[in-house]
Amino acid sequence: MRLKFPMVAFALEVAMIVLFGIFVKYDIEQMDLHQPNTTNSTEVDRYLELHSLFQDVHVMIFVGFGFLMTFLRNYGFSSVGINLLVASLGLQWGTFIQGIVHSHGQKFYIGIKNMINGDLSTVTVLISFGAVLGKISPSQMLVMTILEIAAFVGNEYLVGEIFKASDVGASMTIHAFGAYFGLAVAGILYHPSLRKEHEMEKSAYHSDLFAMIGTLFLWIFWPSFNSVIAETGEMQYLAIVNTYFSLVACVLTAYACSSLLEKRGKLDMVHIQNATLAGGVAVGTCADMPIRPFGSMVIGGIGGIVSVFGFKFLTPFFTTKLRIHDTCGVHNLHGLPGVVAGVASIVAIALGASKTSTMAMQAAALGSSIGTAVVGGLITGLILKFIVRGQPSEKNFFDDSVYWKVLKVTKD
Amino acid sequence: MRLKFPMVAFALEVAMIVLFGIFVKYDIEQMDLHQPNTTNSTEVDRYLELHSLFQDVHVMIFVGFGFLMTFLRNYGFSSVGINLLVASLGLQWGTFIQGIVHSHGQKFYIGIKNMINGDLSTVTVLISFGAVLGKISPSQMLVMTILEIAAFVGNEYLVGEIFKASDVGASMTIHAFGAYFGLAVAGILYHPSLRKEHEMEKSAYHSDLFAMIGTLFLWIFWPSFNSVIAETGEMQYLAIVNTYFSLVACVLTAYACSSLLEKRGKLDMVHIQNATLAGGVAVGTCADMPIRPFGSMVIGGIGGIVSVFGFKFLTPFFTTKLRIHDTCGVHNLHGLPGVVAGVASIVAIALGASKTSTMAMQAAALGSSIGTAVVGGLITGLILKFIVRGQPSEKNFFDDSVYWKVLKVTKD
Amino acid sequence: MRLKFPMVAFALEVAMIVLFGIFVKYDIEQMDLHQPNTTNSTEVDRYLELHSLFQDVHVMIFVGFGFLMTFLRNYGFSSVGINLLVASLGLQWGTFIQGIVHSHGQKFYIGIKNMINGDLSTVTVLISFGAVLGKISPSQMLVMTILEIAAFVGNEYLVGEIFKASDVGASMTIHAFGAYFGLAVAGILYHPSLRKEHEMEKSAYHSDLFAMIGTLFLWIFWPSFNSVIAETGEMQYLAIVNTYFSLVACVLTAYACSSLLEKRGKLDMVHIQNATLAGGVAVGTCADMPIRPFGSMVIGGIGGIVSVFGFKFLTPFFTTKLRIHDTCGVHNLHGLPGVVAGVASIVAIALGASKTSTMAMQAAALGSSIGTAVVGGLITGLILKFIVRGQPSEKNFFDDSVYWKVLKVTKD
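Protein chains in written order, with this note's numbering: chain P, 48 to 459; chain H, 48 to 459; chain L, 48 to 459.
If we strip away everything but chain P, and leave its shape as in the complex, we get (with noise of 0.2 Å):
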């Protein structure tokens, strides 16, 4: 760490300004904000309404999800910091390489939805990270940052552009592409030590609470992560309110079923901490569609089971006999649900809520997420493996004090 992550931090942000200082510009014209006497006032109000759904999204991406993952008693200050180290990069580099994209290697100009963009893009790696949380270094992280959005604004393209799917929330063009890309990566960076639970692999009391905070603005403003980039009016007002009926009922089957599955009817926490948002996930991709409220409850409801069911049944599958260590279970927030999110888009075209997609571009472009995330994260983990190396030794994993001044962790 001595040298190396200083000099990567600092290279990669002078590549930033030297990419932003050639390509970038923002150009209030393009806005028609600027005309004192207008007419447009749906322009300015678009604008208002965009700034506070974005900044609703903003805290999910640095509250939220760094909070979050501060369930590891001795991980607190890499989740939240590395989460906020790895976002900030992934905004401008999500920024640039999405602008440079459509514009076919042009200047081009940026404004709020550019900086919606650069937030979505990054929400990508951040669920990543959940998958390789504990077990990878920061150096290496900025690294995954910048090759998982390539991969991501690759996706998208396909998704958006050439399926023309719908997908208002990107529960699968993020979300399950997020969580598969952090599986796939996590599978490289297995280490057998991970079979029986590390002695580091604990969360307590405080941690546990800490973790909430995260849920549960994450929780809060999901229904403005699934309307940020839905078409304004009658779409966004749709993608609002059915995940928020989707969120509400997730919550109920989620705890019905932690409670069911453990011990002596105990509730479990992680399962509070994560399987709560599975709904927001699971009506991600119609929730712009007229599927009723009731429709958004039962697809919440249906998130929230296979979430907890998920996180007992096959997380410990996954990491004994698949090899795969799954740190934060992001495979039960995001991937599972993201999978659900696509096929009930597929249900709800069949009965005829949208127009606009067909159900074989629906498939398509799950499995395109699928298997763009597998592939680029079978990749990115190759090169992290083995090209930019420094990964923590096993007995270093869930422990902040090797890339963190600590005068001591706490033990309870």
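Keep in mind that the hints were calculated from the coordinates and are not lab data.
What you are looking at is a predicted structure, and each value in this text was computed from that prediction instead of being measured.
Among the hints, a few may not be true.
It does not matter which identical chain is used: a pair holds within one copy or between any two.
Claimed, not checked - Below are the DSSO-like pairs computed for lysine-lysine, each with C-alpha atoms no more than 30 Å apart in a straight line:
1. Lys249 / Lys452
2. Lys249 / Lys313
3. Lys160 / Lys432
4. Lys249 / Lys442
5. Lys211 / Lys160
6. Lys72 / Lys211
7. Lys402 / Lys72
8. Lys310 / Lys211
9. Lys72 / Lys154
10. Lys452 / Lys310
11. Lys51 / Lys402
12. Lys359 / Lys243
13. Lys432 / Lys249
14. Lys368 / Lys313
15. Lys313 / Lys452
16. Lys160 / Lys310
17. Lys452 / Lys368
18. Lys249 / Lys211
19. Lys442 / Lys452
20. Lys310 / Lys249
21. Lys243 / Lys313
22. Lys243 / Lys452
23. Lys51 / Lys359
24. Lys154 / Lys243
25. Lys432 / Lys51
26. Lys310 / Lys402
27. Lys402 / Lys313
28. Lys402 / Lys160
For chain P, the structure is supplied; the task is to place chains H and L on it using the hints.
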């Protein structure tokens, strides 16, 4: 807990889905958002503004109330976790029952206003939850949610439709109602061991800091709470400004009284966490009236004083003499300041600040809210005690490990 | 503390109520919100937008500054608690004194803009609070609030009305001013025992995580802070976008420098909590100028570097050589980056980015802000030390148990 809780939770969610499937539609046409070349920008503004205020209230419900109750050292999981569970059920049930009452049993259309009303009805239950915190099971809380919201909707109908009283911040119909409902339930569920302080009924240094997260988000967004159902424009503006000035004045009097009443002039975290919010309740009923900023500050200042004195003198009296144990002191934060709010509105009307309500109708509304709450709370308490059952035994009061998988609870 | 603090707090609140009663009205007619069939949707938009930005700033003040200072292991109650107290007084006093200055002693009308200005003037005190944290009594802080805001309003009048300088994010008038004012007070209140680290002046693992709550909310909403007093439309848009890009670049350079300067390349939480925010300050003065995104990134990157170097080299120098002990390192987060902001604005104007201010006026504004702060801080420090008195003795520095009822402080 083994099977009862999962069955109750599943059954309630299935019931909600069935009720929503039969009765609830979203009708975008009702919102006039769908006309592309519309001139109704005010309609759009209103929608955007409501969504923004709605989200503030949402933060108050999940982060505000959730973390405010984490002050107990060994009951943080339940505080923030059962808060999430109860609120998720309450949002569905509150939206449904308010809609069906107003539609007189017909199908009805829902939008952002219904979601706001769902949120508000839920707050009632979360306030009552504070009175019984640590002494009630999750299943009992789910049943209480159903019963209390039904009673709330009945009283709200009386106050708003029959008495036509003013109560923009719902200080009588939500805060006083929720407090006295909770106290009545707490009286029924009383156990003699609560007379002297339970060994688990203590805060810890960090649990008090977690609680401050709740306090601060409640404090910051209280102006949104008091203005979210105000009429647009002037009245909404008044509700925001008045609540703001009431809260800042309340902080100074609450700090002064806390120091005045404690040994050696020290400050008590319990007062700071709670009494600083009393100004938001106390000004709630007349917040949209032109009471002038200094009027708001007087009301808020009184709220802070009343609340601290309540914590110091009334709470011990309730516990030992009235056999009512109020865990969070909701009587001091919501009950007394709710009464202050009703009285303040009567004084304001006497001084000519409102033409839409009369002093008699305000007094009737206050009486109705407290009366309905006490009767409803007593009946609910009896149902919980003798029909639902499953209350934890007194040695398990205030202990997360009864309902949660907990590694080891904190001792500092 | 026994009677002094309650008397001071009560007396100040009564004084505020009297002053507001005599001088302050809200006049809705001034806002043009009351016309039902209005065509001025822009007016309404502006109001809504301002309320949204105002709330963001409010979150920064109460949650942001409050939790940022909880990093000390035994001083969390005072950090978040006195922050709330001081801010509540500051909001009232700042609103009043700014109003009375602009109305030249006449009655004046208040609206959302006055509340924003009240918030901003309060930030100055909260910054200075960081310099004296743990070494000052609550009563002293209340008096300092009154004095500092008066000095702030004087300097702001000079900068805005006489020099007509640009400072949209108030990096000179708030951040540099607050930092140097606080340093001057800290110099007067210095005690030789602070030369070597006080045994209570330590963070704990969880107190550092609480502080990150503050950091993240400050970071997320800083674009709102820098744009809240910007002219509507184009300038506001620029202030948001420029601050956003300055902040993301600042994070990468702050992390890089922290690792570069620490032993074995480790990261230091103090740097991450503070220096990642320096980009928001550094770009503040020229945030509404068309400096291009890469220009913002350069300024933010410099802010992050300067801030970390300040923590590493200047803070120890100040403590041991200048006899100024800066508890939170506000010089590195607000002072130095505030100077960078002033210099950046001079460079930007030299490059033609603004027609409304000149290089000379910017330099005068920077000089005036620092000069007024130092003189005002020295006078205030002397008043606190010799007239107000009641400073805690050095063995009680950084210890909540002096002012708070504390069961047992944490040791980890």
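Against the structure, the hints:
no. : hint            : verdict
1   : Lys249 / Lys452 : both (21 Å within a copy, 13 Å between copies)
2   : Lys249 / Lys313 : both (18 Å within a copy, 23 Å between copies)
3   : Lys160 / Lys432 : neither (35 Å within a copy, 53 Å between copies)
4   : Lys249 / Lys442 : both (14 Å within a copy, 28 Å between copies)
5   : Lys211 / Lys160 : within (19 Å within a copy, 34 Å between copies)
6   : Lys72 / Lys211  : both (29 Å within a copy, 29 Å between copies)
7   : Lys402 / Lys72  : between (36 Å within a copy, 20 Å between copies)
8   : Lys310 / Lys211 : neither (46 Å within a copy, 52 Å between copies)
9   : Lys72 / Lys154  : within (7 Å within a copy, 46 Å between copies)
10  : Lys452 / Lys310 : between (39 Å within a copy, 9 Å between copies)
11  : Lys51 / Lys402  : neither (52 Å within a copy, 44 Å between copies)
12  : Lys359 / Lys243 : within (15 Å within a copy, 42 Å between copies)
13  : Lys432 / Lys249 : within (25 Å within a copy, 38 Å between copies)
14  : Lys368 / Lys313 : within (27 Å within a copy, 35 Å between copies)
15  : Lys313 / Lys452 : between (37 Å within a copy, 6 Å between copies)
16  : Lys160 / Lys310 : neither (48 Å within a copy, 41 Å between copies)
17  : Lys452 / Lys368 : between (36 Å within a copy, 26 Å between copies)
18  : Lys249 / Lys211 : neither (43 Å within a copy, 56 Å between copies)
19  : Lys442 / Lys452 : both (18 Å within a copy, 27 Å between copies)
20  : Lys310 / Lys249 : both (19 Å within a copy, 28 Å between copies)
21  : Lys243 / Lys313 : both (23 Å within a copy, 29 Å between copies)
22  : Lys243 / Lys452 : both (28 Å within a copy, 20 Å between copies)
23  : Lys51 / Lys359  : between (39 Å within a copy, 20 Å between copies)
24  : Lys154 / Lys243 : neither (52 Å within a copy, 55 Å between copies)
25  : Lys432 / Lys51  : within (15 Å within a copy, 49 Å between copies)
26  : Lys310 / Lys402 : neither (47 Å within a copy, 60 Å between copies)
27  : Lys402 / Lys313 : neither (45 Å within a copy, 54 Å between copies)
28  : Lys402 / Lys160 : both (25 Å within a copy, 29 Å between copies)
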